[in-house]
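Number of protein chains: 2
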Amino acid sequence: MGTRTKGRTAPANGRAAPGRGRRPDGEGGGARQAILDRAVDLASSEGLEGLTIGRLAAELGMSKSGLFGHFGSKEDLQLATIEEASRRFVGEVVEPALREPDGAPRLRALTDRYLDYVERQVFPGGCFFAAASTEFDDRPGAVQERLRGAIGAWLAELERQAGLAGVADPKLLAFELYALVLGANSNYRLFGDAGAFDRARRAIDGLLP
Amino acid sequence: MGTRTKGRTAPANGRAAPGRGRRPDGEGGGARQAILDRAVDLASSEGLEGLTIGRLAAELGMSKSGLFGHFGSKEDLQLATIEEASRRFVGEVVEPALREPDGAPRLRALTDRYLDYVERQVFPGGCFFAAASTEFDDRPGAVQERLRGAIGAWLAELERQAGLAGVADPKLLAFELYALVLGANSNYRLFGDAGAFDRARRAIDGLLP
Numbered sequence: 001m002g003t004r005t006k007g008r009t010a011p012a013n014g015r016a017a018p019g020r021g022r023r024p025d026g027e028g029g030g031a032r033q034a035i036l037d038r039a040v041d042l043a044s045s046e047g048l049e050g051l052t053i054g055r056l057a058a059e060l061g062m063s064k065s066g067l068f069g070h071f072g073s074k075e076d077l078q079l080a081t082i083e084e085a086s087r088r089f090v091g092e093v094v095e096p097a098l099r100e101p102d103g104a105p106r107l108r109a110l111t112d113r114y115l116d117y118v119e120r121q122v123f124p125g126g127c128f129f130a131a132a133s134t135e136f137d138d139r140p141g142a143v144q145e146r147l148r149g150a151i152g153a154w155l156a157e158l159e160r161q162a163g164l165a166g167v168a169d170p171k172l173l174a175f176e177l178y179a180l181v182l183g184a185n186s187n188y189r190l191f192g193d194a195g196a197f198d199r200a201r202r203a204i205d206g207l208l209p
Numbered sequence: 210m211g212t213r214t215k216g217r218t219a220p221a222n223g224r225a226a227p228g229r230g231r232r233p234d235g236e237g238g239g240a241r242q243a244i245l246d247r248a249v250d251l252a253s254s255e256g257l258e259g260l261t262i263g264r265l266a267a268e269l270g271m272s273k274s275g276l277f278g279h280f281g282s283k284e285d286l287q288l289a290t291i292e293e294a295s296r297r298f299v300g301e302v303v304e305p306a307l308r309e310p311d312g313a314p315r316l317r318a319l320t321d322r323y324l325d326y327v328e329r330q331v332f333p334g335g336c337f338f339a340a341a342s343t344e345f346d347d348r349p350g351a352v353q354e355r356l357r358g359a360i361g362a363w364l365a366e367l368e369r370q371a372g373l374a375g376v377a378d379p380k381l382l383a384f385e386l387y388a389l390v391l392g393a394n395s396n397y398r399l400f401g402d403a404g405a406f407d408r409a410r411r412a413i414d415g416l417l418p
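In order, the protein sequence lines correspond to chains A and B.
The opening residue of the first sequence carries number 1 in this note's numbering; numbering runs sequentially from there.
The opening residue of the second sequence carries number 210 in this note's numbering; numbering runs sequentially from there.
Hints listed in this document are in silico derivations from the structure and should not be mistaken for laboratory results.
Please read these numbers as outputs of a predicted model, since none were measured by experiment.
The beta-carbon is built from N, C-alpha and C at its ideal position, and this holds for glycine as well.
The following label-pair restraints were derived from C-beta to C-beta distances: (1) A/Val90 with B/Gly401: 23 to 31 Å; (2) B/Phe277 with A/Glu75: 32 to 40 Å; (3) B/Asp285 with A/Asp76: 34 to 42 Å; (4) A/Glu157 with B/Gly278: 48 to 56 Å; (5) A/Gly91 with B/Gly358: 35 to 43 Å.
Just chain A, same shape as in the assembly (with noise of 0.2 Å):
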């Protein structure tokens, strides 16, 4: 599994620290950036509820009505976090992945990548959307309808490439991996059991045609 280091600052893979370098043009959109990457880091620790914008303010040194210039209130933020969380994953997950062929080597690749990003602590708070959709799964509403899209995303590209695998019961794999790409994030953010990558990786090896 190579030399993986813990936090993002400095990653032994030589990766730049993800969500960083790509902000996007256009007056305000540094600052607007900067906000995002850090309430992204702060909702995958203390929760996406817990990010008011007074916490982000005072986190970052800036005035509530500094704040709620970019932000008009705390569900837009919210809003926008999971936007920006999604991009992290998407950079992180999904497009290296998309260098392996369809169907099994990319669903290796996809949940390989997802175990990576994991155990580098791409959130320093484990997987965004396994804490935020924990969270959100009682809240009706906006919030929790765009993480429904995220996640329900993921696993439909997960179906679609078991589908392209040739297995006789795509939804059921997809199942499968969701779940224990899932169980290794909650095995090692609460027991801060490595051991559980391994595992997963092994069980999506015998699942894989």
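With chain A fixed as given, assemble chain B onto it according to the hints.
Below, chain B alone, put in the same frame as chain A:
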């Protein structure tokens, strides 16, 4: 999968609503139990950190000072809530499974009961432990320790039974079972997809010797 209902009030299977009717004797025991029943239900939906003495007092129509008489601090309340959730889990999942022989039949019963307990909403907000562990995996302290103890005991029993079932790698099988039931809880909670229980059962059947 039979006729399962949502909601705890009147389970179609005729079981008494869990967590009720087993109140400890002794002065104030009934009141404390009623408080904890409500605390567990609230925490499973809204999080263990959101469970303040003020919030719970308002829910129960009690005074904050009355609640302080039962629980001296928010942390004491959180710890007592975890104990009550564990009691409910053991009564609903572990004890019924003890009727099955050690090894594969016990593993099937433990995981089947777990899936059943999520579907019957023994906790209205899905698995209490899945929610609380996600919430506290970044918050070191007594609450996190207690959650580690409870979830660690579940994993250890799965591993012990996997050993008795004679599989080559009991730790791997325990992880896979843990992940599959957690995945079903997550999938059901976020998407309301009851098919996740069936998929988890089929995946487990494929793993057990």
